[in-house]
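K.L.:
Spelled out, the chains give:
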Amino acid sequence: MTWLVWRQHRNQTYLAAAALAAFAVLVLITGRQMASQYHSALTSCAASHTCGNLANTLILGTPVLSLLVTLTVVVPCLLGVFWGGPLVAREFETGTSQFAWMQSITRSRWLAVKVGWALLAAAAWGGAVSALVTWWSSPVNALNHQNFQPGQFDIQGIVPVGYALFAVALGIAAGTLLRRTLPALAVTIGVFTFLRLVIGQDLRSHYLTAVTTPFSFLHAPPSPKGSYWLVSGGVVGPAGQVANSHAHGGPGVSFGGVPVPIDNMPSACRVLVFQSPLKFGSCLAAHGYRGFITYQPASRYWAFQGIETGIFVLLAAALIAVTAIAVTRRDA
Amino acid sequence: MASSNPAVIQTCGLSKRYRKVTALSEATLTVPQGRISALIGPNGAGKTTLLRLLAGLARPTGGEVAVLGGAPRQDPAFLAEIGFVAQEIPLYRRLSAEDHIGVGAHLNPRWDAASVRQRLKGLNIPLDQTVGTLSGGQRAQVALSLTLAKRPRLLLLDEPVAALDPLARRQFLAHLAEAVAGGGLTVVLSSHLLADLERVCDHLILLAASRVQLCGDIDTVLAEHQVLVGPRKDTTAIEKAHTLVQATHTARQSTLLIRVGGPVVDPAWEAADVGLEELVLGYMGQHAGPAFSHLTSVGEDQ
Amino acid sequence: MISFRLDGRSVVPPYLQIVQQVRQALRMGVLDVGDKLPTVREVVAATAVNPNTVLKAYRDLERDGLVEPRAGHGTFVVGRPSGPPPGTHSRLARSLAQWVRGAREAGLDDESIESLLRITLQAAADEEETA
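Line by line, the protein sequences are chains A, B and C.
Each residue of the first sequence is one higher than the last, beginning at 4 in the working numbering.
Each residue of the second sequence is one higher than the last, beginning at 8 in the working numbering.
Each residue of the third sequence is one higher than the last, beginning at 95 in the working numbering.
Hint data in this document are derived by calculation from the structure and do not stem from the laboratory.
Just to be clear, a hint being listed does not mean it is correct.
[To be verified] Here are the simulated lysine-lysine pairs, DSBU-like style, with alpha carbons at most 35 Å apart: (1) C:Lys150 - B:Lys128; (2) C:Lys150 - C:Lys130; (3) B:Lys128 - C:Lys130; (4) A:Lys282 - A:Lys228.
[As the list claims (entries may be wrong)] If the Cβ cut is set under 8 Å, some of the chain A residues that face chain B in the computed set are: (5) Leu7; (6) Gln11; (7) Thr97; (8) Gly98; (9) Thr99; (10) Phe102.
Ideal Cβ placement from N, Cα and C applies to all residues, glycine included.
Based on the provided sequences and hints, a complete structural model is requested.
P.N.:
Dropping the structure here:
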């Protein structure tokens, strides 16, 4: 059966291998340049004692390259569309599943081998792209501490493997249930994008209870160590937390990254907003207002990677189970 | 000798319903070993459904089915004994015949690759060309050769000759008959046309309106039926002794197709043997209604 | 070795066509004792007829003592249909051909010739019966 899977898909495997190789060459060349650029910048800033400001002065990589690397966020979806969707649906459409099923092989074995290789390939390609991106980004991570941020979190580490497995499983399941390739592709793109957004935006920040740190408006907001993820921030007044007015359309101002709803601040301070942020801060502090930030510490990065990967792997497993039931129980 | 052969296919009250449609209803039939059975019926009569039930590609919603002594099942040992070629002749269009031979070699315990190559070379079908570029007749031959390479004991073919030109049809059927002559193989092949299959088949399953109308060896079935021609008169006496399959009347004459229940005693009727085509059309006309009425009411207005 | 020609439109069933063609070949001397008949497989591959049809024909011939199957070797001619030796047949065929020419010259068409032949055969049969 593996022989058949290979014979059926070897061309697209070659194509995907070529694309991966091209990407790898690009990443390896520019990554080495970037790493040496970063190290020489470190050496020179150490000599002039300006390393504290390095993140503001040094720009690593070119915008085009950064964009290309950011775009690898769609790789799992592409794998789902091109490998997952057609895997079973195409066989149903052309009737070749009936050819295979009339050989001396059970449907469950046929499916197991096909799905097994597809998932393995998805994990391999998703993992390879992620490994390249992670390596390429290591100077940027060290410099900007952004790898916990949405966007960067999604293309580095092990989560892309989970996404790739899920996307391919989703494509396979949609193709099996719909029995047509094109609708399966549409469903794959739609459901994958929706779930990634929902989980990334609404669920991820709750994997572990975020750390909340209050601060006084007399100083700048605290900056936790390393690549932390700032989840939210706000203001606590004498009567408790102040609602974020800009959530319902009111004007807001950023105090070192923390949103301050102007409408809900004491009127005495409001006039100071546009004169001097420093005076505005002192005024707020004087009226008993304090700021707070809520964040996920950098130390939790791998825990979050693990949890998110686990969620998508479990979803993938559920989809494969549905596929297996549909293929073995339903009439061919 | 033949009638004592064990049954390769045995069904009892076999039924298949899709949500609202009954595709096959209460089908009870037997196909003994070594037969080439023609599964005949108009389009939509349930031929494909029956074949798919026998191959284990669909599950019955009622009744019993035994193929080669057991229910069709997902078991490599069972699947090795069955060959099924669907009407669309599914093959991997981008693979060559030689690739398909490789697929079969990897997926079957018994595999006679040499026979496929020899057969296809004999028919001048290129082994190294992708099957998508072959003609319909060539693809059918490739599919049949591949299926026979499994050395199955039961071969199920759904409308295998429908898309073929007369020469390809003849070659295909000769190929099939030759395989059966080798021994140990039973074949069921469906068609809505009997003429193609008449000389190659020795057994008949007639489906109409999702029911089995007739099933048996063709010689036996023909011997059981007669056509009576006589002056137009009441048929109740005939219906008492025989089964009236179909009656055609003109103003003066009646033509009756009967399943014989005993000797025809009334001298007013002239009895004649019935041909296979006449018999099949008689049964189809009985059940198919308007679609076949033009075949059964010839002479009505004369 | 002979090959069979099967006419799908004939009212004669295919198995009987095979039997008749073997008998004919024996009468005409095309086949002789010791000759091998084509195997069932060969007949089937050439004519796309059901194997059981060929088997049935060969069984008929065997029952009449004309052929005999030898396990693993095929079916062989062991006897001849009763009647005159092959030479007689061709001699009679020649004189019939001559008669037909005469009848044509006399203005008879094929239909008249056939009905004349049938009437003559019938009369001969009646004569034998009464005799």
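K.L.:
All hints are to be evaluated individually against the structure, with a verdict given for each.
P.N.:
Outcome of the hint check:
{"no.": "1", "hint": "C:Lys150 - B:Lys128", "result": "holds, 32 Å"}
{"no.": "2", "hint": "C:Lys150 - C:Lys130", "result": "holds, 17 Å"}
{"no.": "3", "hint": "B:Lys128 - C:Lys130", "result": "holds, 28 Å"}
{"no.": "4", "hint": "A:Lys282 - A:Lys228", "result": "holds, 28 Å"}
{"no.": "5", "hint": "Leu7", "result": "holds, 5 Å"}
{"no.": "6", "hint": "Gln11", "result": "holds, 7 Å"}
{"no.": "7", "hint": "Thr97", "result": "holds, 6 Å"}
{"no.": "8", "hint": "Gly98", "result": "holds, 3 Å"}
{"no.": "9", "hint": "Thr99", "result": "holds, 5 Å"}
{"no.": "10", "hint": "Phe102", "result": "holds, 5 Å"}
Consistency note: the structure conflicts with none of the earlier hints.
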